[in-house]
Amino acid sequence: MYAVGNSLMPSWDRIHGLPSYRRMIARKIRAVAVLTVFFLAYYFALPLLVGYWPELMARKVWGYVNWAYLFAFSQFLMAWAVAFAYMRHADRCDRMSEGILAEAEEAGAA
Amino acid sequence: MFLAFIAATLGITYWAAGRSTGASAFFAAGRRITGWQNGLAISGDYMSAASFLGIAGLIAFYGYDGFMYSVGFLVAYLTVLLIVAEPLRNTGKFTMADVLAFRLRERPVRAWAALSTLTVSTFYMIAQMVGAGALVSLLLADSGIGYTTAVTGVGILMIVYVVFGGMLATTWVQIVKAVLLMGGTILLSILVLAHFGFDLGALFDATGQVTVQEGGSEVTRDFMTPGMYYRPPHGALDLISLSMALIFGTAGLPHILIRFYTVPDGRSARISVFWAMLLIGSFYIMTTFLGFGAAAIVGPTTISANGGTNMSAPLLAQALAGDVFFAFISAVAFATILAVVAGLTISASASFAHDFYSNVLHHGREKEPGEEVRVARWTAFVVGAVSILIAIGLGPDANVAFLVGLAFAVAASANLPVIVLSLYWKRFTTRGAVWGLAAGLLSSVGLILVSPSFMGIDGPEVAESARRMIQAQALYPLRNPGIVSIPLGFLAAYLGSILSREPAAEEKYVELTVRANTGLGAEKAI
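Residue numbers (this note's numbering), protein chains in the order written: chain V, 31 to 140; chain U, 177 to 702.
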């Protein structure tokens with residue numbers, strides 16, 4: 031037990047064992063894994079396509095604007111979108127985590 | 177203009193000096209910087225002269241391939257946001273090594289982490305200092321301020337900020353700089369667009385038909401087409417290698433990571449990355465306007481004749497709005513360099529004082545209160561003095577651009593693997609961390625030494641001071657070591673771990689994950 035201020039902090043193992051904590055971690059890992067795999071795949075597609083299929087990527091779409099430029103530009107939008115999705119998810123996890131800490135404290139006091 | 181910036185930042189330092197007593201105040205600004213302020217500071221810490229001058233220059237000379245850097249510099253923040261920022265804030269105190277030392281044996285991991293931090297910071301810093309000196313001697317060529325004076329001036333200012341003002345002064349210098357840099361870039365972009373009658377199509381059309389000198393004759397090139405810098409036979413692999421170093425390196429840059437200790441909690445750490453991404457993203461989108469604009473309006477030939485790639489943005493400003501704007505953009509570039517070197521100095525001195533001096537040499541006990549901060553102040557002074565001397569020794573023509581790439585490569589190959597594994601792998605051990613740090617550090621530095629940045633045969637037209645150090649065929653064909661050294665870092669960390677057992681580290685994993693995910697027991701703001 032660690033004393034913080036005047037209240038006793040619940041033990042790490044107890045929190046770790048709470049079903050609500052398990053649920054939050056599972057959700058978190060799933061979301062982070064999905065987003066990470068997605069952004070890495072989207073990002074590395076750019077050097078792969080530009081590096082190995084330069085003729086395809088140099089094809090012009092509008093004036094001198096080609097696929098390579100459009101795809102590179104879309105990376106910026108992708109990064110912002112993924113960041114936004116993560117922020118929303120993380121806020122939900124934070125609310126769950128507040129509940130978990132309150133629950134652990136009650137269990138510890140009882 | 178420039179003097180005003182110096183006066184303002186010294187004022188900030190004076191104000192911060194009164195508030196920088198105690199370790200948390202000195203190293204982490206009391207952890208009271210708000211999310212959006214820290215977002216600005218991260219941008220100010222990150223968008224170096226290499227970005228503003230270097231990337232604009234690369235785009236102006238190599239078109240599309242330069243833009244690939246811009247993309248990587250932004251997307252890299254997703255690695256920071258999703259994987260590193262919050263757990264780091266919730267489990268560490270002052271440095272990157274705190275996270276490793278949480279479960280592992282302190283002395284070996286801190287010693288190696290400090291070495292890696294000092295390596296990254298020094299490489300990065302020398303690149304910035306040489307850049308600053310060269311820039312100032314070009315800009316102020318008429319006023320008699322030479323390269324040596326300029327480097328010394330930058331060095332002394334950065335020492336003053338860090339030694340007296342600590343993290344609080346550094347943070348505000350970075351915030352002021354970020355605002356100036358964004359302002360300057362927006363203005364310059366608007367001028368470029370105005371030049372083309374606010375018709376994006378016209379800008380792209382001009383970029384598609386840039387006249388360049390090649391072998392004595394004029395040819396028209398399409399700067400929107402990939403492949404002007406990363407050419408066959410190894411261009412594609414080199415591009416992938418670069419992309420890996422960028423996207424995994426940012427989350428291992430010590431001077432960026434320690435910024436997350438300056439905010440009150442994990443949530444603010446997250447918010448600061450989000451703000452930083454908005455700013456950094458908009459900035460790098462605008463680098464296209466700057467780079468393509470410089471290529472189309474000024475032209476690579478004229479830029480080469482007036483100081484080379486790094487002068488693209490200032491020359492563009494001069495071409496569009498005359499000498500006053502040229503001076504303004506130059507001052508912004510200078511402020512940019514100052515803010516970045518201050519951030520590097522504080523991360524180097526925090527790591528030396530907190531990791532090496534306090535924990536490796538003195539087992540985590542301070543002989544007298546305030547010792548750690550005093551050591552950090554001395555370190556900042558020494559680091560500053562040494563970088564001034566190295567930068568003067570190298571001289572303004574030294575080819576230092578590869579040092580920035582090397583800093584990213586070391587961060588990606590040595591720091592990132594051990595940070596990720598210590599946060600997400602229960603079986604990770606001290607031996608794994610030491611092997612990972614050592615393998616990543618040595619392989620990335622070693623590969624650079626035998627790469628075309630160091631080895632190669634220069635023709636007789638290359639000036640003496642700009643010649644490569646080893647005049648022989650490069651052993652490693654790529655400019656970027658990441659594609660080899662990053663997997664090596666991970667592999668060594670993995671092998672070191674499975675070849676040893678550390679029950680103490682496994683037991684503490686539960687505590688680490690609960691702390692990282694709930695913020696319980698994290699360092700509080702003061």
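Derived from the structure by calculation, the hints contain no laboratory data. Treat the hints with caution; some may be incorrect.
Here are the simulated SDA-like pairs of lysine to any residue, each with C-alpha atoms no more than 20 Å apart in a straight line [stated by the list, open to error]:
| # | chain 1 | residue 1 | chain 2 | residue 2 |
| --- | --- | --- | --- | --- |
| 1 | U | K700 | U | R208 |
| 2 | V | K58 | U | Y685 |
| 3 | U | K700 | V | E85 |
| 4 | U | K602 | V | R52 |
| 5 | V | K58 | U | K700 |
| 6 | U | K684 | V | A63 |
| 7 | V | K58 | U | T689 |
| 8 | U | K684 | V | R44 |
| 9 | U | K602 | V | S41 |
| 10 | U | K700 | V | D124 |
| 11 | V | K58 | V | A115 |
| 12 | V | K90 | U | L376 |
| 13 | U | K269 | U | T210 |
| 14 | V | K58 | U | Y670 |
| 15 | U | K602 | V | L70 |
| 16 | U | K602 | U | T197 |
| 17 | V | K90 | V | S104 |
| 18 | V | K58 | U | V686 |
| 19 | U | K269 | U | R195 |
| 20 | U | K684 | V | K90 |
| 21 | U | K602 | U | K700 |
| 22 | U | K684 | U | R283 |
| 23 | U | K602 | U | Y670 |
| 24 | U | K700 | U | R283 |
| 25 | U | K269 | U | L376 |
| 26 | V | K58 | U | K269 |
| 27 | U | K700 | U | T689 |
| 28 | U | K700 | V | A132 |
| 29 | V | K58 | U | Q213 |
| 30 | U | K700 | V | R60 |
| 31 | U | K602 | V | A63 |
| 32 | U | K602 | V | R44 |
| 33 | V | K90 | U | W554 |
| 34 | U | K602 | V | D121 |
| 35 | U | K602 | V | I59 |
| 36 | U | K684 | V | D43 |
| 37 | V | K58 | V | L48 |
| 38 | V | K58 | U | W601 |
| 39 | V | K58 | V | L70 |
Verification of the supplied hints:
A C-alpha spacing of about 9 Å is found between K700 of chain U and R208 of chain U, which places the hinted pair at or below 20 Å, so the restraint holds. A C-alpha spacing of about 17 Å is found between K58 of chain V and Y685 of chain U, which places the hinted pair at or below 20 Å, so the restraint holds. For the hint pairing K700 of chain U with E85 of chain V, the CA-to-CA distance comes to about 55 Å; that exceeds 20 Å, so the pair is violated. Distance restraint check for K602 of chain U and R52 of chain V: the Cα-Cα separation of roughly 16 Å lies within the 20 Å cut-off, and the hinted pair is therefore satisfied.
The suggested pairing of K58 of chain V with K700 of chain U is violated, with an alpha-carbon distance near 24 Å, which exceeds 20 Å. With a C-alpha separation of about 24 Å, the suggested pair K684 of chain U and A63 of chain V falls outside the 20 Å cut-off, and the hint is violated. Taken as a hint, the K58 of chain V and T689 of chain U pair is honoured in the structure, with Cα atoms around 12 Å apart against an allowance of 20 Å. Straight-line distance between C-alpha atoms of K684 of chain U and R44 of chain V comes to about 14 Å, which keeps the hinted pair within the 20 Å bound.
A distance of roughly 19 Å separates the Cα atoms of K602 of chain U and S41 of chain V; the hinted pair therefore holds under the 20 Å criterion. Of the supplied pair hints, the one linking K700 of chain U and D124 of chain V holds, its CA atoms being roughly 17 Å apart against a limit of 20 Å. The straight-line distance between the Cα atoms of K58 of chain V and A115 of chain V is roughly 12 Å, inside the 20 Å bound, and the hint therefore holds. Between K90 of chain V and L376 of chain U, the direct Cα distance comes to roughly 15 Å. Compliance with the 20 Å bound is thereby established for this hinted pair.
As the CA atoms of K269 of chain U and T210 of chain U are separated by approximately 17 Å, the hinted pair is consistent with the 20 Å bound. The hinted pair formed by K58 of chain V and Y670 of chain U fails the criterion: a straight-line CA distance of about 24 Å is larger than 20 Å. With a CA separation close to 24 Å, the supplied pair K602 of chain U and L70 of chain V exceeds the 20 Å bound. Taking the CA atoms of K602 of chain U and T197 of chain U, the gap is near 37 Å; set against the 20 Å cutoff, the hint is violated.
Note on K90 of chain V and S104 of chain V: the hinted pairing holds, with a Cα-Cα distance of about 16 Å set against a maximum of 20 Å. A distance of roughly 16 Å separates the Cα atoms of K58 of chain V and V686 of chain U; the hinted pair therefore holds under the 20 Å criterion. A distance of roughly 19 Å separates the Cα atoms of K269 of chain U and R195 of chain U; the hinted pair therefore holds under the 20 Å criterion. At most 20 Å may separate the alpha-carbon atoms for a hinted pair to count; K684 of chain U and K90 of chain V exceed this at roughly 56 Å.
For the hint linking K602 of chain U to K700 of chain U, the alpha-carbon distance of about 26 Å lies beyond 20 Å, and the restraint is violated. Straight-line distance between C-alpha atoms of K684 of chain U and R283 of chain U comes to about 17 Å, which keeps the hinted pair within the 20 Å bound. Distance restraint check for K602 of chain U and Y670 of chain U: the Cα-Cα separation of roughly 12 Å lies within the 20 Å cut-off, and the hinted pair is therefore satisfied. Straight-line distance between C-alpha atoms of K700 of chain U and R283 of chain U comes to about 25 Å, which puts the hinted pair past the 20 Å bound.
In summary, the hint linking K269 of chain U to L376 of chain U is not supported, as the alpha carbons are separated by about 48 Å, beyond the 20 Å threshold. With a C-alpha separation of about 24 Å, the suggested pair K58 of chain V and K269 of chain U falls outside the 20 Å cut-off, and the hint is violated. Between K700 of chain U and T689 of chain U, the direct Cα distance comes to roughly 18 Å. Compliance with the 20 Å bound is thereby established for this hinted pair. Of the supplied pair hints, the one linking K700 of chain U and A132 of chain V holds, its CA atoms being roughly 19 Å apart against a limit of 20 Å.
Distance check on the hinted pair: K58 of chain V and Q213 of chain U sit about 27 Å apart at the alpha-carbon level, beyond 20 Å; violated. Under the criterion of a C-alpha separation no larger than 20 Å, the hint pairing K700 of chain U with R60 of chain V is inconsistent with the structure, at around 29 Å. At most 20 Å may separate the alpha-carbon atoms for a hinted pair to count; K602 of chain U and A63 of chain V meet this at roughly 17 Å. Straight-line distance between C-alpha atoms of K602 of chain U and R44 of chain V comes to about 18 Å, which keeps the hinted pair within the 20 Å bound.
Distance hint between K90 of chain V and W554 of chain U is unfulfilled; the C-alpha atoms sit about 57 Å from each other, more than 20 Å. Using a Cα cut-off of 20 Å, the hinted pair K602 of chain U and D121 of chain V is violated, with the two alpha carbons roughly 26 Å apart. For the proposed pair K602 of chain U and I59 of chain V, the alpha carbon gap of about 15 Å is at most 20 Å, so the pair holds. For the suggested pair K684 of chain U and D43 of chain V, the alpha carbons sit about 10 Å apart, so the restraint of at most 20 Å is met.
For the hint linking K58 of chain V to L48 of chain V, the alpha-carbon distance of about 15 Å falls within 20 Å, and the restraint holds. A C-alpha spacing of about 16 Å is found between K58 of chain V and W601 of chain U, which places the hinted pair at or below 20 Å, so the restraint holds. Between K58 of chain V and L70 of chain V the alpha-carbon distance is near 18 Å, which keeps this suggested pair within the 20 Å criterion.
When held up to the earlier numbered hints, the structure conflicts with 3, 5, 6, 14, 15, 16, 20, 21, 24, 25, 26, 29, 30, 33 and 34 and fits the remainder.
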